[in-house]
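Chemist: Taken in sequence, the protein lines are chains A, B and C.
In terms of the working numbering, the numbers along the first sequence are unbroken and rise by one, the last being 1406.
In terms of the working numbering, the numbers along the second sequence are unbroken and rise by one, the last being 436.
In terms of the working numbering, the numbers along the third sequence are unbroken and rise by one, the last being 688.
Simulated from the structure, these hints should not be mistaken for laboratory data.
None of these values were measured; they are calculated from a predicted model.
Worth double-checking, as some hints may not be accurate.
[What the hints assert, rightly or not] To give an idea of the interface, some chain A residues facing chain B are shown, with a C-beta separation under 8 Å as derived from the structure: (1) ARG1127; (2) ARG1136; (3) GLY1138; (4) SER1192; (5) HIS1194; (6) GLY1195; (7) GLY1216; (8) GLU1217; (9) PRO1221; (10) ILE1225; (11) ASP1304; (12) ALA1308; (13) ILE1369; (14) LEU1374; (15) PRO1375; (16) ARG1376.
Built from N, CA and C at the ideal position, the CB exists for glycine as well.
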Amino acid sequence: MNINILYAALAPIVAILLGLLYIGIGRKIIARLQRRYGPPFYQQYIDTIKLLAKKTVSSHGVFFSLGPIMGLAGSMVTLLFIPFGSAAPLLSFHGDIILVMYLVVIAPLGMALGVGEGSNPNGSIGMARGLTLMLAYEVPFVLALFSVVLYTHTTSIAQIVQSQAGEWSLLKFHGFNWLTFALPISAIVADICLQGMLGEKPFDQVIAPHEIASGPMVEYGGKYLGMMVINHALHIYIETALFVDIFLGGGPVWFFIPATFSVFILSLIINGVLPRFRIGQALKFYWGVPLILAVIGIIYTMVVIK
Amino acid sequence: MKQKTEQKKSLNQGGKNMTEEKSIDFFEYFIGPQHPGITGNFGVILNAVGDEIIKAQANPGYLHRAFEKLMEQRMYLQNVPLVCRICVPEPDVNEALYSMAIETLTGIEVPERAKYIRTIVLEMARLAAYLFYFGGTAATLGLYTLPNWSFGDRDYILDLFEELTGARIYHIYMQPGGVRRDLPKDFTKKLYSLLQTLKKRIKEYDGIFFDAALFKKRTKGVGVINKDMAIEYSVTGPNLRASGIAYDIRKDTPYLAYPDINFNVITENEGDFYSRVMVRRREFEEDIKILEQLIDKLPSGEVWNRYPMPLNWKVEKGDVYVKVESTKGEYGYYVVSDGSEKPRRIHVRGPSMTHGIMLLEKLLKGQRIADISPIMFSLDICPPDIDR
Amino acid sequence: MAWNDILKPLSGWKFLFKKPHTIRYPKEDKIPSERYRGIHTNMIDKCIGCGSCEKICMNQAITMKEMDVEVKEGTTNLRPVVDHGRCCYCGLCVDICPTGSLWLSRDYRHLSEDIDTFIIDPNVKEKEREGWQKAPEFSLIPPERGKMEEIPPEKRVKSFMEVFVGYTEPIAKEEAQRCLGCGLCVDACATHMHIPDYLKAIREGNNEEAVRIMFKNNPLSEICGTVCTHFCENVCPVGIIGEPVAIQWEKEFATRTIEDYKKIIDTTIKEKKERVAVVGAGPAGLSFAFYLRLKGYKIDVFEKYEKPGGMMLLGIPSYRLPRKVIEKEIKFITSTGVKIHTGTQIGKKKTFKELLKKYSAVFVATGNTKPYTMGIPGEEGKDTLQAISFLYDVNTGKKIDLKGKKVLVVGGGNVAMDAIRTSRRLGADVYLSYRRREVDMPADELERKEAKEEGIEFMIQTLPIEVIREKGKIKAVKYVPTDMDFSEKGKRPKPVPRMNDVRTLEVDIIIEAIGQGPDLTYLEQEFGESLKIEKGKPVVDKNLMCSIKGLFFGGDMANKQNDIVSAVADGRRAAEGVHNYLQNK
């Protein structure tokens, strides 16, 4: 029991630290692309601490203040279901993959609640875009997960990880068990959806600075903004970890952390060189090629299982 | 999509505005003056239904520094440091125009070399302004790599400006009768090598931006100005050429060293966002060619014909209108002198007034919120020039 | 939509491992270019405090503040202080600075929370980090003065006609534009004429107003416009970058456009009872008479010679100062009610004591009439002339024929110049001997230039030591070259003759122009000890009154400058002095 409490307490901290580190290094890499040196990799920590240390000047009401907290809480709960590589998560049962799909939504919904009370059109438009985008990428993503469930015959993330487990050593490459190789089409679809989930270009319509001035974050400042940054860091961890767990076989810590980071970098590489879609175009895009690919993936899986 | 927009438009014209304003989707949306997606201290008040703009109203005035009035209270030479502040991204046209106006009024001849140096400065400023434009436009579409590249490359031009004029942005280099200093040592050599670098760089820009599929997807068919509309709204400059009308003051009424230079007037036919960007992108290469010719043909000799002592300088009575082609369109100065030490009236005809208010309001109607800022940037509006 | 277009953007990643091209401030530093326009710096000793930078500044960022600096001739103790909160770094102040003391450095950083620190005192002792500097060819002040037509040397040596034709109106207006309006000339001018004001009037085409301004300080403006030592032009900051503003010629132009001064200058007078006597109708006496007359006193001027004008008439040859100019000025002064009694020498028939009894006050300005001599062997004789008496003879119309004769003039002042040029016009071959260098000559540069043009040989750094005579007539002059001794700082170098290098020059006539002093014989006779005299000149207080009450001195006999404009200034000062004295009596 004590270990469980420790896990519940430590997991978010590790996730936040990792998420912020990824953002920091990501900024450095993007800076290099842009022929700059960029801020130091620990800049994100400094910024977050600064934001949390700040006084919050104004609030537009109870839900406005509750929004970021609800979002953060949702993310933290989700975290308990995500295996840290091959280490089992705190909570694990059959069907938790479906629960996670629901829990991931809590964070944006919480935000929507708070932003809605802020009644700034930038925030509202941003939230509307966020929810539309979620609608867009979740359809192919769920279908991709469906093919995974079909293939592994389980709806527990921990078991999906286990199903890919092989012999682990530094000398021997374990990747042959990865679902990426078993289900390449679904993996590609999931990665394309991950781009949208992470909110990286070309799917960063939610914050789009030139269009809606950072969207949902526009009314928030101080501690709330700090919480939103933390939430963002958690999201990066959760989503990359989910992808690594499902498609890259989780793996021990020395593999898991670089793997999640690599998944993040992959999305950054696309993020760095592309402009963004209009929200309608994004919806059309996700319901176009990825959706068809996801369906093809399911058919492929069915063929493979036979 | 386009059809839908047109349908909505016809609905608007059918007097359904009231119902739309009452609809739950209706809201008032302010872009600017505090907004990342605005070209400067400027604002647009938008009435939107859902994601669609039904009415746009430009809201300028935040940068009103009363240049025209200030100029009436300063001696002729004292205005030279002032005029360049009218447009930040491309200040040199102001200096050139002001000097040209005074030269026409007083009859001071400009030495041939000074004419060439001025043209070099103007073309360098054009390159710098286009790099600024490319960066700005790419940023509105969410591609933040290009602005970082292009502003970095622009800095190389600014370095050369610093060497030539002593300042990076507000050069205050041209003065009536010529320029303030001769070219420094090895300047043309440095400029030439920079031009070769820029030629390579623009190809790299092509890869990341101008040729990119997503850029074309976002920009084609957005914010179309057709030929008739362009003429009706007195659109000038690259925006006009993007609509298929080959009008360029450098070609039609040449000034400074342009009569000696061979260059093509670049046009595109669509008149949309994409054409507006591509006209400028192609002109960028044309300008590099112009600069290379200027370097080759640069004559030697004096660079300044003296004017009387500036503290007691009286300009002959009269009035004059001079115009040049800036990156934003036709830039003109109307200077009236009453024969005293200070100008009686200076009117600045900036292209941003027509582009940034009348045309913008028209263009934004029926657009998506995501396209407001890109359209504004594609017109290359310079708010200080609207306010003056 | 080609696949190529979708994948092409990834080409941007080739920069991932390339060195970024930004500058990592503060680890790295950008070195500004050589012409960078940064923070102002000013060489405090080179700056003359003219304030041109303050005038050209469009933002009023520059203010001139009094500072603790050494005030030399033609400078002020004002130095610029720059408010960098207002400065726009255009560098016009640098381009207009006549001395080049001001420049913009390559420093561009100043960080402070205190607003007052942005008002920067740019004054430094030494040059450092020069950025935007003055380039002489791009100076905003036109370096060349308006050209004046002059009669070519070959033609002018044949007659006594005036050398300069004078400015035409467009050139005069253009020339007046060159004035910076700094007012350094006002301080330098002995009479403190409001030069920037009348130059402004001239360039506005208002010559009448210009003349009105001139006559406030100088009733002999036209004479001063024609011949003057023009201290104003010597200090003019425009002269540092080129030729100074032609203040003298501007004055000449403006005054000559006026036919009759009476018409434009208000000379309504409230009569007073007191009568004041003036001895000597030279520039000092005339100026005194004019200003005191304007105050309402009744003036009687006593002049030894037949015509009024003093040294202006008798000393200065007519090719420099046409006689009609003197007549015009004196006519105007007499028209105000000043009475001039010519041919009346005080001291002989009338005594000074009588004058003092009869008049409330007496102003004496009899000038320097006693010439100095060299005191070398063989000097005395009929053919050794004194410059002033020689000029007097020429100017009063005595026929002197110097055709084909060799004349040696000794001296380097304006009198020497007059002597050489007059003798040249009388047909002589003229040599000039001067013991110092040419730059040390007190004579005007223009005079020297013109004298040379007229074919006069300058024997610079020579000293006559003996006159060789044959049958009482001069045959030759022995002279030695001199070396300059600079050991005494701050003073003119001393000539040291090289006695072993004796040369001879065959001449027929020697004219000595080595200076003159006042003739105080009559005064000494009458007043004796009660009149205090120092170095051959009477001691006067600030009102120019001497130790005897009611007796005032002025002009060459009381001042050191020995020129017209100082004499005029003396006259004006004495007029104030007499007025104060009589009002407080």
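Chemist: So, for every hint listed, does it hold in this structure?
Modeler: Consistency of the hints with the structure:
1. ARG1127: Interface hint status for ARG1127 of chain A: violated (11 Å vs cutoff 8 Å).
2. ARG1136: holds, 6 Å
3. GLY1138: violated, 10 Å
4. SER1192: violated, 39 Å
5. HIS1194: With a minimum Cβ separation of about 41 Å from chain B (threshold 8 Å), the hint on HIS1194 of chain A is violated.
6. GLY1195: violated, 37 Å
7. GLY1216: violated, 13 Å
8. GLU1217: Not OK, violated: GLU1217 of chain A not within 8 Å of chain B, min 15 Å.
9. PRO1221: holds, 5 Å
10. ILE1225: holds, 6 Å
11. ASP1304: OK, holds: ASP1304 of chain A within 8 Å of chain B, min 6 Å.
12. ALA1308: Check passed: Cβ of ALA1308 of chain A comes within 6 Å of chain B, closer than 8 Å.
13. ILE1369: violated, 11 Å
14. LEU1374: Nearest chain B Cβ about 5 Å off; hint holds.
15. PRO1375: Because about 4 Å separates PRO1375 of chain A from the closest Cβ in chain B, which is inside the 8 Å limit, the hint holds.
16. ARG1376: Holds: closest Cβ of chain B sits about 3 Å from ARG1376 of chain A, inside 8 Å.
In terms of the numbered hints stated before, the structure departs from hints 1, 3, 4, 5, 6, 7, 8 and 13, listed from lowest to highest.
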